[in-house]
Every structure is written in C-alpha cells, then in structure tokens.
Amino acid sequence: MANFSIEELTVIEASRYIKDKETVFAGTGLPLMATMLAQKTHAPHLCFVAETGPIAPIVLPTPLSVSDPRLQYHAVRLGSLREVLGCMLQHGMMDVGFVGGAEIDEFGNINTTVIGDYQRPKVRFPGSGGGNDILSHAKRILIITRHERQRFPKRCTYITSPGYIDGPDARAKAGVTSKKPQIIVVTRLGVMEINPATGRFQIRKLMPGSSVDAILEATGFRPDIPGKIEEVTAPTEQELSTLREKVDPQGLYSKKV
Amino acid sequence: MNEESKVMTAREAVEKFVFDGATVGLGGQNVGRMAMAAIHEIVRQGKKDLTIYGCNLSINMDILVGAGLVKRCEAGTGNLEYFGTTFNFRRAIEQGIMEMEDYSHLGMISRFLAGEMGLPFMPTKSMLGSDMLTQQAKSTGKKYERMENPWNPGEPVLLLPALRPDVSLIHAQRADATGNVVIDGFLALDVELARASKHTIVTCEEIVSEERIRSEGERTSIPYLYVSAVVEQPFGSHPAGAYRYYDYDAEHVKLYQKCAREGGKALEEYLNHYIRNSESFDDYLEKAGGIKKIIALIKSMKRMV
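Residue numbers (the working numbering), protein chains in the order written: chain C, 63 to 319; chain U, 12 to 316.
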C-alpha cells in the first residue's frame, strides 16, 4: 500500500458510507470531494444533486461553490433551489445529506448561525443555507469536519439544523420528517455515529494512529464507548489514485480536514 | 411587438425602481449570475435603508452592507463558501448595525412560492425543532405559525408568510427588449423571486430579438409580464460568472474578500476605486482587469461547455 495521509483517508472513509444508486445532496468542499470519490470508485450510479439546481452532473475538478460551472457539467437537468430542496429533499427522495463542519453537539445538532445572543451575537456565522433542510429531511446524514474541541461542544447554544435535538424521540415530537436518521460524523480521529436508542454519539471507528483518548481529548462531550471499536481500513490503490488524480488534483480541500 | 421596450441603462433602472427603504430581492447564488451592475448602481446612487431578501446572499449583498445601505436581511445565509464568510454582513450583525432574520433556504423559497402564487403563506416541514423558531430579530413581527396538518391531526407543519419584494435584481444570459428572459444553467431562486416581486430589474449579457424568443418559447425562464426593466450589460455578473458565457473571477473575489475582511479603509478604498469612482460598469470592468481578464474568463468557461 502506497503512503497516504490521514487527511486523504478521512475523505476516503467518508466516501465509503455512500452506496451505489443513492441520491446524495452534498455541499461543496469536503462533502462534495467524498461524494465525487464515491461516484468514481464504488458508486458509479449515484445521483448527486447540488442546491442551486444541477441534478446528476458529472462534476469536473474542483468546484469552489455550489454555483460553480464545474458542478453543472453534463447534468441531466439544471433546475432550481425549489426543485432540489422542495421536490427532492422535502419530498423524501434524498438518501444521503452530506454536510461539512461548524459546531456539532452530542445529539448531532449543528450550529452554523451564532455564538452568543441571537440579536447581538459574539460571532455571527453564515446561517442555515440548505443545512437545516438537509438535516430535517434526508434519510441519512453524513458529516465530515475537523476534530477540534470547540467544534464539538456538549450542547450547541443555537440549533440551526436538528440532530436528535435532546433525546431519542425529540425529532418525532418536534415534527421533523425523518424521525431517526442515521447520523455519522467522520474526522481525522475516527468515526462517530448517533445511537438511535439514546440520541447520542458513540465512537464507531478509530483512524490509524488515533485512540479513544485522542477523541475524548478533542471532543467537548463524552461520546459513548462501545466494547468493540473497529479501525478504519487503509485506502485501496484505486481510492487513493482516484482522489489524487480525479477528485482533488490541486489538493485544495484535503488539507482542510 | 406586443409590448413596448423596457430597455434602459442600469442607472435609469435603479433610479426608477429602487427607492430608500425598499425591500430588494437578490437572484443568483454565490459566484453565479449576480446582478452586479445593478448593485454597483445602487451604491453610486446611495439608495439606503434597504431590506434584502434572498437565499444564499453573497458578494452582492455584502457590498451593499459594506456601503452602509442595508438595515435588514431575511435570508438563508450570507456566505461565499470556499472564499469565506461575507465579512461586512458578519460585522454589521455583530455590531448591531444590521438585523438578520434567519430562515432555511427552503423556508425562503416557500415564502417566494407563496408570493408568486398570490397566497398569504406556504407550509413547510423544514425548520421544525430548530432555534429559527425560538429566536428572531427585534423588528420581526410574526415569523411563523406552527399548526397541525388538518388532514392528519398530530402532524406539525410550519406556515411561513409570503414575500413580495418591492424590486428584485436578476442577472440572465439573454432577454429581449420587452423582458422575456432566458437563463442558462442553474436557476437558483430567480424564477420564483421574479414572479413574487412587484418589479424586477433584469440585467443580461445580451439583448436578443423577440423573434428568437418566440422561436423557442419553451426556453423562456421568465416571461415579459414580470419584468420592469431590461439592462444590457455584458459581463454584468463579474466577479461572479454566467454559465456558458464566462467563469467567475476567483482572483477578484479573493481581492474583494481581503478588503471586506479588513474593513475600514481597505473596504472604503475598494468601494471608491471600483464602484463610486467608476462612471459605469464598463469602467469597473476596465479596472478589474479589462479585456485580458475577460478573455481568460471566457476561455475558462468554454473549456467546460
């Protein structure tokens, strides 16, 4: 096996959670990189959609925005926000919603709006965008982000996009469409997944060289630690060469993991 | 011709349809199809106390905020993705200079959908369980109504109020003189937005004949009935791109972001040099790299389409 970086393996591992023929809604950056990688390796028939309207494009490297022309190439339809967010996502047709980082808490809630008072925030982030729509309606949620303590607080002070809110049945109570979606977060330290019975994250896999202690050190809450934790398998030759040559040839994103 | 010409300059269109205190809808998304010529003109004319509506507001909104012309936004996000956040937007909210009312993108689309169909509100199942329902800006009235689906008691739905902007700014690839608009590439929110608005200013890469529009009516994205002004401005989306015509100008977006991030003098210098002290958008394009830059952006797009 060739040399690989942990950043590369993080994108590769994230791509493995997408299955062939699934519909995938992914934001630009790392989520899109992992989606493109899946399409060019084990999931050639996946249907990727971008928020601005492209449906099933053959994405050219390397889009920097959901409005990027590289993301419209050879799409079967260049539609609209309404078609993608309303007629596919809210309609219930999206198998996977794939988002990037920000603040993620122990219930998988995401804050991309404010730190501090809403009306006079200490820090103002960009806002929901399509993030709330993705977390509300997709059947499965994938998250790829940097693993830093301040990105994984115990509770988000503002829930932009609902994970399990505050417990296993909270989504159903609030009326969120997908009641118990799988929520998986992939980082350079490992993979965590929400346990639908508790609504809280548990550690599922460790990256090579990582440890439970390393995850606990870099996480602001204490994820559940099951008896058996797998190690993330090393990249295959195909995964690695596809990522390097066809997905992110300039290495624009892999350094952001 | 079944309708008189609506062709005018960006200056005339902004004078006529944008006013102090107006609610302004912004089409396009991020670095794709921004009505930048109209944005620059608003800055030159200093139309102020604006409320901005949109989904992914980006450099279009951020310039208006940086120029001190915006009192409020209602949108999904202020964001330039890879190029960073919208710094004037961020600063203005943190300093309490501007209000932001947050909705999800589908929430905003639902509101334009109600507006375009003449309905008072639209239901959605987004935003439930989020703090967009617990927090709101000071001057916001009733942000939403949560109710049960009358046909399925116990199932919560959210009603969001319709939006009917006073004027919307849209950039398209082509339009005829009466305002029949053809958009190439993704549509983002533009079609719903234009139909919901009381007036729509369309800036376009080129004005084409009504005959050409009529020969392929199925390609018309927005018919003339919804359009108040047509402005021909080639490269009018710069530094954003226009699908099939030219790529976005990453270099200039980075330059803008550097000035916006720094704020203060750097931002003022950007606004003065590129916008306030430019006679027209053509003048700005000269300063932003001129013909060499334009050829490079066209070539970059031609490799993809």
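Source of the hints: derived by calculation from the structure; they are not laboratory data.
The structure presented is a predicted model; accordingly, all values stated were derived computationally and were not measured.
All C-beta atoms, glycine included, are put in the ideal place defined by N, C-alpha and C.
One thing to keep in mind: the hints can contain errors.
[To be verified] Negatives, chain C to chain U, calculated, CB over 12 Å: (1) Thr114; (2) Ser142; (3) Asn171; (4) Leu278.
[What the hints assert, rightly or not] Have a look at the derived ranges for each label pair, beta carbon to beta carbon: (5) U/Glu26 with C/Phe66: 57 to 63 Å; (6) U/Arg287 with C/Ile177: 30 to 36 Å; (7) C/Ser67 with U/Glu262: 51 to 57 Å; (8) C/Ile120 with U/Ser226: 27 to 33 Å; (9) U/Arg287 with C/Glu299: 30 to 36 Å; (10) C/Pro123 with U/Glu262: 15 to 21 Å; (11) U/Ile218 with C/Pro123: 42 to 48 Å; (12) U/Leu236 with C/Phe66: 55 to 61 Å.
Do the hints match the structure? See the list:
With a cut of 12 Å on Cβ distances, C/Thr114 falls inside the contact zone with chain U, its closest approach being about 4 Å. A cut-off of 12 Å between C-beta atoms contradicts the statement that C/Ser142 is not in contact with chain U; the least separation is 4 Å. Here C/Asn171 does not stay apart from chain U, with its beta-carbon only about 9 Å from theirs, under the 12 Å limit. With a least beta-carbon separation of about 28 Å from chain U, C/Leu278 lies farther than 12 Å from that chain, consistent with its non-interface assignment.
Distance hint for U/Glu26 and C/Phe66: a CB-CB separation of about 60 Å, consistent with the stated range 57 to 63 Å. Taking the beta carbon of each, U/Arg287 and C/Ile177 are about 34 Å apart, inside 30 to 36 Å as hinted. For the pair C/Ser67 and U/Glu262, the supplied restraint of 51 to 57 Å is violated, since their beta-carbon distance comes to about 28 Å. With their beta carbons about 30 Å apart, C/Ile120 and U/Ser226 fall inside the hinted range of 27 to 33 Å.
In this structure, U/Arg287 and C/Glu299 break the distance hint of 30 to 36 Å, their C-beta atoms being roughly 57 Å apart. Checked against the given bound of 15 to 21 Å, the beta carbons of C/Pro123 and U/Glu262, roughly 19 Å apart, stay inside it. One distance hint, 42 to 48 Å for the beta-carbon pair U/Ile218 and C/Pro123, is violated here, with the actual separation near 35 Å. The hint said 55 to 61 Å for the Cβ distance between U/Leu236 and C/Phe66, and at roughly 58 Å that hint holds.
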